[in-house]
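Using the sequences and the hints given, assemble the complete structure.
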Amino acid sequence: MDLEKLQTIENKPSAPMPAEVRLGQAAWLKKNLFFSWFSSILTIVLLAGAVLLLKNVLGWTFFTARWEVISANFKLFMVGQYPLEQLWRVWVSLLLISLFIGITYGARRGISNIMFFTITAVYVVAMALPFISGSSRIWLVGAILCIAAGFGIGSVVPFLKKYAGFAWILCFVLVLFFIQGFGILPEVRTNTWGGLMLTMMLATIAIVFSFPVGVLFALGRASKLPIIRVISVIYIEIIRGVPLITILFMAQIMVPLFLPGGVTVDNVMRAMVGLIIFNSAYIAENVRGGLQAVPGSQVEASHALGLNTLKTTVFIVLPQALRVTIPSMVGQSISILKDTTLVATVGLLDVLGIGRTVISNPEFLGTQKEVFVFVALLFWIICFTMSVTSRKLERSLSVGHN
Amino acid sequence: MAQPSTQNRPPFWRNQKYLNLIWQLLFLGVIIGVIYYLATNAIAGLSRAGLGLSFNFLSSRASFPIGESVISFAASDTFSKALIVGFLNTLKVSIVGIILTTIVGVVVGVSRLSSNWLLRTISTWYIEIFRNTPVLVQIFFWYFAVMLAMPRIQEANANYGFIISNRGFVFPWFDTNSSFYFWLGLLLLAVIAAFFVFKWKNKQQLEKGVKLYPSVWFIGVVVAAIGAGYLIFGEFPASLSIPEHTGTGTSGGYRFSPEFAAILFALVMYTATYIAEIVRGGILAVPKGQIEAAEALGLSSSKILRFVTFPQAIRTIIPPVTSQYLGLAKNSSLAVAVGYPDLFSVGSTTLNQTGRAIEVITIMLLAYLTISVVTSLIMNIYNKYTALVER
Chain A
122 MDLEKLQTIE NKPSAPMPAE VRLGQAAWLK KNLFFSWFSS ILTIVLLAGA VLLLKNVLGW
182 TFFTARWEVI SANFKLFMVG QYPLEQLWRV WVSLLLISLF IGITYGARRG ISNIMFFTIT
242 AVYVVAMALP FISGSSRIWL VGAILCIAAG FGIGSVVPFL KKYAGFAWIL CFVLVLFFIQ
302 GFGILPEVRT NTWGGLMLTM MLATIAIVFS FPVGVLFALG RASKLPIIRV ISVIYIEIIR
362 GVPLITILFM AQIMVPLFLP GGVTVDNVMR AMVGLIIFNS AYIAENVRGG LQAVPGSQVE
422 ASHALGLNTL KTTVFIVLPQ ALRVTIPSMV GQSISILKDT TLVATVGLLD VLGIGRTVIS
482 NPEFLGTQKE VFVFVALLFW IICFTMSVTS RKLERSLSVG HN
Chain B
11 MAQPSTQNRP PFWRNQKYLN LIWQLLFLGV IIGVIYYLAT NAIAGLSRAG LGLSFNFLSS
71 RASFPIGESV ISFAASDTFS KALIVGFLNT LKVSIVGIIL TTIVGVVVGV SRLSSNWLLR
131 TISTWYIEIF RNTPVLVQIF FWYFAVMLAM PRIQEANANY GFIISNRGFV FPWFDTNSSF
191 YFWLGLLLLA VIAAFFVFKW KNKQQLEKGV KLYPSVWFIG VVVAAIGAGY LIFGEFPASL
251 SIPEHTGTGT SGGYRFSPEF AAILFALVMY TATYIAEIVR GGILAVPKGQ IEAAEALGLS
311 SSKILRFVTF PQAIRTIIPP VTSQYLGLAK NSSLAVAVGY PDLFSVGSTT LNQTGRAIEV
371 ITIMLLAYLT ISVVTSLIMN IYNKYTALVE R
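Heads up: the sequence lines are chains A and B, in that order. Using the working numbering, read the first sequence as starting at 122 and increasing by one per residue. Using the working numbering, read the second sequence as starting at 11 and increasing by one per residue.
Take every hint as true, because none was put in to throw you off.
Think about it this way: if two alpha-carbon atoms lie no more than 27 Å apart in a straight line, the pair counts; the simulated DSSO-like pairs of lysine-lysine are:
#, chain 1, residue 1, chain 2, residue 2
1, A, K152, B, K313
2, B, K27, A, K345
3, A, K152, B, K298
Residues of chain B placed beyond 12 Å of chain A at every Cβ, according to the derived structure:
#, residue
4, S64
5, I105
6, T186
7, P247
8, E254
9, G259
10, P321
11, M389
It should be emphasised that the hints constitute simulated quantities derived from the structure, not laboratory data. All C-beta atoms, glycine included, are put in the ideal place defined by N, C-alpha and C.
Pasting the structure below:
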């Protein structure tokens, strides 16, 4: 009998699938905010809290806050004590970077669009700021033109598509050349570097230089040779077990101590060394994850083809391992960018360091909130852009994998 | 004519076994060489400065005051005691921070999955704002822009026993009475006894198939013990101390100094965003079928969360949360930026006073490594305890 029942059910013409339900406003509210008494209470309490908070925040932002502390110190926040007559070099670097961002977007499209549009938006907003001087406006127009020109070049010249990555290395070297001088341009001592420029320099150098070191340590950790493996493990575990601030501090105090007498390294370089030492241990762990994701059969197959260990590593293992680690690398880059603020505690004037000097200036007494909100906002824009990029990257990479 | 040997062994520089050994020795040699070079430089530099390597300074007088400490400390105490005070302060921030950040993180993580749109949106924005700004900026913000901008103690008013001023954050807390430790022992015994009663009743319930309310029994035993304790000692283990405003200060209650409050709030708000994301990921990783099956069995939604979702989610959650805890403990060293006397801050003061760079830094590194190792050990044990039992 049961079977009959089932059959009758089976034979019933199935009801047509309901068309996609479009909720009206009232229904949406009911579904998302007031579906139970608990949810209703929660909604009302949260709404009250949010309105109160927003009212206070907006009121402060537009009426109470003394934003002139930012406009008066804007140059300090951006480039620190960098000499005014040499400022064109920073601008030229910015133009270069814009050009390369344009080229990357033009050639590759895809993920780089977030960076492209964010940077363009930042330029446009910066132009609209009332306190920007005339010459800066001209440079900003130049930057926008550069980003557009880069886009044009990138989309017209197809062979750039393959080499956009290498172009960035060139860009990195060129920017270093312009900022530092390399003895060709008049030297600008690193102790005058500061503000956002120093933050970005520290972060870039930490990311770029700790990458190869980190990959080497990851390979060392995965190596079958016991001595190399043990040394890599000790390095990685010790560095990961201690706070960055102690490493920076150590770099400040120990680097001069360990160098032969008479050799001096300036503070910025010491901080860079500390950041690289720190970051490479974390990168090594990320890469290790990637290395573990490469099936052992790949190595065996490559040995069977007669490739030696070095070639297997460089041509077979690493390309596969690094591809997997790209998202976590972006995450690591975000965190090292945030961590560069710690150099403020060893006396460097990065954005945060500048912020601290500004609030201690008697002229701007009581403007702590404005200063730190501004610094936080700068970091937020950069980190948020990067994390959105990383999320998209993750999605685009996972498509090919499954 | 001799046959050419088919087992022509390769020369030793082609033999993988020897090659591996040679490479490793070479590597070791380079490392030792570099360390030797650095060490000779350092020793030469130190002897130029007239400083040998020695830990004797630890027993000399520190002669600097420490703002707040868990154990009593005076400027006449030794450097070693100062460092211990710093270490305890670091532990205090880390432990209180880990507890609070877990609570906030789990609440926000679950809120991110709430069916209430407003709650979901607010928690998402909280996470996006706080995880994308550097924690040091947040510490400065809490300290300079929030704590120090509070009303002065003279103008602060007490609300329900909470007094918030630029001298810190005072709230009601317990004062232990003389019988505190006896109470502690009694309660411990009571809980153990209650646990056995619970198990016994549970077993009976299973055997007889009658509802015997084992958890009621559990609570009953503990309450009975508390009643008995009150009859014996004539007082409770601790009495509530409500802070009072005394014009230029406060008395009673417990006080978070502005430095401690700033570093604690910043670390908790920052780390909780990461924990929230981990919790959310962990919950999402539980197969949907499990929850549907639990629903089909007729479990209520709170029971599903308690017995089905969480026990499975916790396995994926624990390893990444451990590294967040370690991160919090390490980030507590940023307290130096606002002048909270943690291990790093006391350490650098010691270094400045004695000039013993290598020794002090070694001590600091060892202390932080110990914290890291112990934390991950505890979490690993917990991880093993919750891990999936496979047969």
